[in-house]
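Here the protein sequences come in this chain order: E and L. Count the first sequence with numbering that gives the first Met the number 0 and you get residues 0 to 249, in order. Count the second sequence with numbering that gives the first Met the number 0 and you get residues 0 to 269, in order.
A portion of the hints provided could be inaccurate.
Some, not all, of what chain L presents toward chain E, calculated at C-beta under 10 angstroms [unchecked claim]: (1) R12; (2) L15; (3) F138; (4) M216; (5) R219; (6) H232; (7) G234; (8) L238; (9) C239; (10) L242; (11) S245.
If you are wondering where the hints come from, they were derived from the structure by calculation, not from laboratory data. Note that the structure is a prediction, hence the values are computed from the model and not measured. Note that beta-carbon positions come from the ideal geometry of N, C-alpha and C, so glycine has one too.
Now for the letters of each chain:
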Amino acid sequence: MSHHIIEVTKLQHVYPDGTIAIKDVSFRITHGESVAIIGANGAGKSTLLQHLNGSLNATSGQIRIGDTQLTQGTLPNIRRTVGMVFQYPDDQLFMPTVFEDVAFGPLNLGLSGSEIERCVTEALERVGAEHLRAKPPYHLSGGEKKRVAIATVLAMSPDILVMDEPTSGLDPFARRQLISLLRDFKHTKIFTSHDLDMVLDLCQRTIILHEGTVMADGPTSDIFRNETLLSACRLEKPFSMQGCPVCGRT
Amino acid sequence: MISINAAVIDLKRLDLLANSNSLIHSLDARAKVIVTFIFIVSVVSFGKYECARLLPFLIFPVVTILLANLPPLYFVRKIVLLCPFILMVGLFNPVFDRTVLYHIGQIGISGGWVSLASLLIRSILTIGAAFLLVGTTGFTATCQTLERVGIPQFFVVQLLFLHRYLFVLADETSRTSRARELRSCGKKGLGISSFGSLVGHLLLRTWLRAERIHTAMLARGFTGQIHALRQSHFGMYELCFVLGWSLIFISLRMLDIPDALRTLAAGFAQ
Ligand SMILES: Nc1ncnc2c1ncn2[C@@H]1O[C@H](COP(=O)(O)OP(=O)(O)OP(=O)(O)O)[C@@H](O)[C@H]1O
Ligand SMILES: [Mg+2]
Chain E
0 MSHHIIEVTK
10 LQHVYPDGTI
20 AIKDVSFRIT
30 HGESVAIIGA
40 NGAGKSTLLQ
50 HLNGSLNATS
60 GQIRIGDTQL
70 TQGTLPNIRR
80 TVGMVFQYPD
90 DQLFMPTVFE
100 DVAFGPLNLG
110 LSGSEIERCV
120 TEALERVGAE
130 HLRAKPPYHL
140 SGGEKKRVAI
150 ATVLAMSPDI
160 LVMDEPTSGL
170 DPFARRQLIS
180 LLRDFKHTKI
190 FTSHDLDMVL
200 DLCQRTIILH
210 EGTVMADGPT
220 SDIFRNETLL
230 SACRLEKPFS
240 MQGCPVCGRT
Chain L
0 MISINAAVID
10 LKRLDLLANS
20 NSLIHSLDAR
30 AKVIVTFIFI
40 VSVVSFGKYE
50 CARLLPFLIF
60 PVVTILLANL
70 PPLYFVRKIV
80 LLCPFILMVG
90 LFNPVFDRTV
100 LYHIGQIGIS
110 GGWVSLASLL
120 IRSILTIGAA
130 FLLVGTTGFT
140 ATCQTLERVG
150 IPQFFVVQLL
160 FLHRYLFVLA
170 DETSRTSRAR
180 ELRSCGKKGL
190 GISSFGSLVG
200 HLLLRTWLRA
210 ERIHTAMLAR
220 GFTGQIHALR
230 QSHFGMYELC
240 FVLGWSLIFI
250 SLRMLDIPDA
260 LRTLAAGFAQ
């Protein structure tokens, strides 16, 4: 299924104030792959992800999702294919209640009546937020907002899942729940994270972004063993690969 | 600043009220929009000195609140908050219009005071009706209906965004002013100079955040088409609702009920 392929070629993004957030980034992600994009604060991860569904326009370079080039004309279709969870859930929730918010996407896709009910309930159950359905989003805690934001995207059953720091702000249980949910999601997925243990758990492949360029792209286990590379990019080994703090054994 | 926040949370409550279930809530939104429209036109079309004949129109909000199980105090409070603004609009009527219309004992009541009272009653009625429409239908569904009855989509989407930006602005205001309060150590900040940069900062932040929310809407397939959750159709109930209220409003507009009552009372007295 070629429509789950993401291909980014020579992408560059310069913000209006002159900040060069992405310098020259190219990669290709094939169907069913699960890829982590890691890097220090300000490395350009969020900027990169926002290009994948056309939320930001590239200064130069190209993006292909499946067989389609990302342009203004193909944008509506691409947004149906690529589900995006943004870094800050506050920017993503805007309807009066959680239920209406999760229903917003499916309604735009043309579902109605009992289909909406079923697909919203299912999405909320998958993130363990069923009990929040009648609440207004602005009365939720940070982690609850995050979970609802993820549900809003799941409800649209995207072919490609793109998430910006999905586990930040989640409690350990919700984090576990999300990790197993992501493991069950068989389509292509890409996410950024500072939670390197989750990366180790979920992704066979990792891309390290450093000051807007790709510093490394390869199997996760290889990358996390390369300590010089990690420290050059202001990163560290995941805790599970570091020695035990009590006895020092790995 | 806390109070701004409270006021907006209160406004958000209006949207939440729309999710309850009642006779009125389950009516098709079109019926409610049409009735509200006829109500507003009937009220506004009275002469500028009319007061007594406006009062019977109160029956519509009262009946709606009762049938829809809405908290009456909430709406009264919302409207009382708006009264100062209405008074500001009509402030100069009594100054310019001094022709005496009525006498109560020795005191002459000038046309200006009467028209001010009339303006107040009319505003309370129309604003109240609009609040009730949103409180029983929800803002999104109201906008969707406006579009379905022929208001241009462009205009309706603007309205929808305006409503959302209002919340975003209030949200950002409360955050920014809290940050300022916490760091100004009980003093009044740095006075006017810090206030200037604060407001500039605030507008920028609101704008950027509104843009991000718009992006999130686009990311979830928003194309300018408004969809509402509640599925309903214009049936017999709706027809009766529209015809019933229209009949009442038009007769209240055409017939002088208070005058008829007065004549009736006079007849009994004789
Ligand atoms: N709207 C903007 N205008 C100007 N510069 C920006 C803007 N947004 C981000 N930047 C800059 O672009 C760079 C990359 O930012 P980005 O948000 O992509 O980082 P990130 O890798 O997601 O970091 P984090 O881990 O903190 O989320 C940063 O140096 C940031 O200062
Ligand atoms: Mg980021």
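Status of each hint after checking the structure:
1. For R12(L), the shortest C-beta to C-beta distance to chain E is roughly 9 angstroms, which falls under 10 angstroms, so the interface hint holds.
2. With a least beta-carbon distance of about 6 angstroms to chain E, the hint placing L15(L) at the interface is held under the 10 angstroms criterion.
3. Given hint, F138(L) at the interface with chain E, holds; its Cβ is 8 angstroms from that chain's nearest Cβ, closer than 10 angstroms.
4. A hinted interface residue such as M216(L) counts as satisfied when its beta carbon comes closer than 10 angstroms to some beta carbon of chain E; here the least separation is about 7 angstroms, so the hint holds.
5. This hint holds: R219(L) has a C-beta 4 angstroms from the nearest C-beta of chain E, less than the 10 angstroms allowed.
6. With 10 angstroms as the threshold, the beta carbon of H232(L) stays out of range of chain E, its nearest partner Cβ sitting at about 12 angstroms, so the hint is violated.
7. At its closest, the beta carbon of G234(L) sits 17 angstroms from a beta carbon of chain E; the interface hint therefore is violated under the 10 angstroms criterion.
8. Against a cut-off of 10 angstroms between C-beta atoms, the interface hint on L238(L) is violated, since the closest Cβ of chain E lies about 23 angstroms away.
9. At its closest, the beta carbon of C239(L) sits 25 angstroms from a beta carbon of chain E; the interface hint therefore is violated under the 10 angstroms criterion.
10. A cut of 10 angstroms between beta carbons decides the hint on L242(L): the least distance to chain E is about 28 angstroms, and the hint is violated.
11. With a cut of 10 angstroms, the hint placing S245(L) at the interface with chain E is violated, because the nearest CB-to-CB distance is about 30 angstroms.
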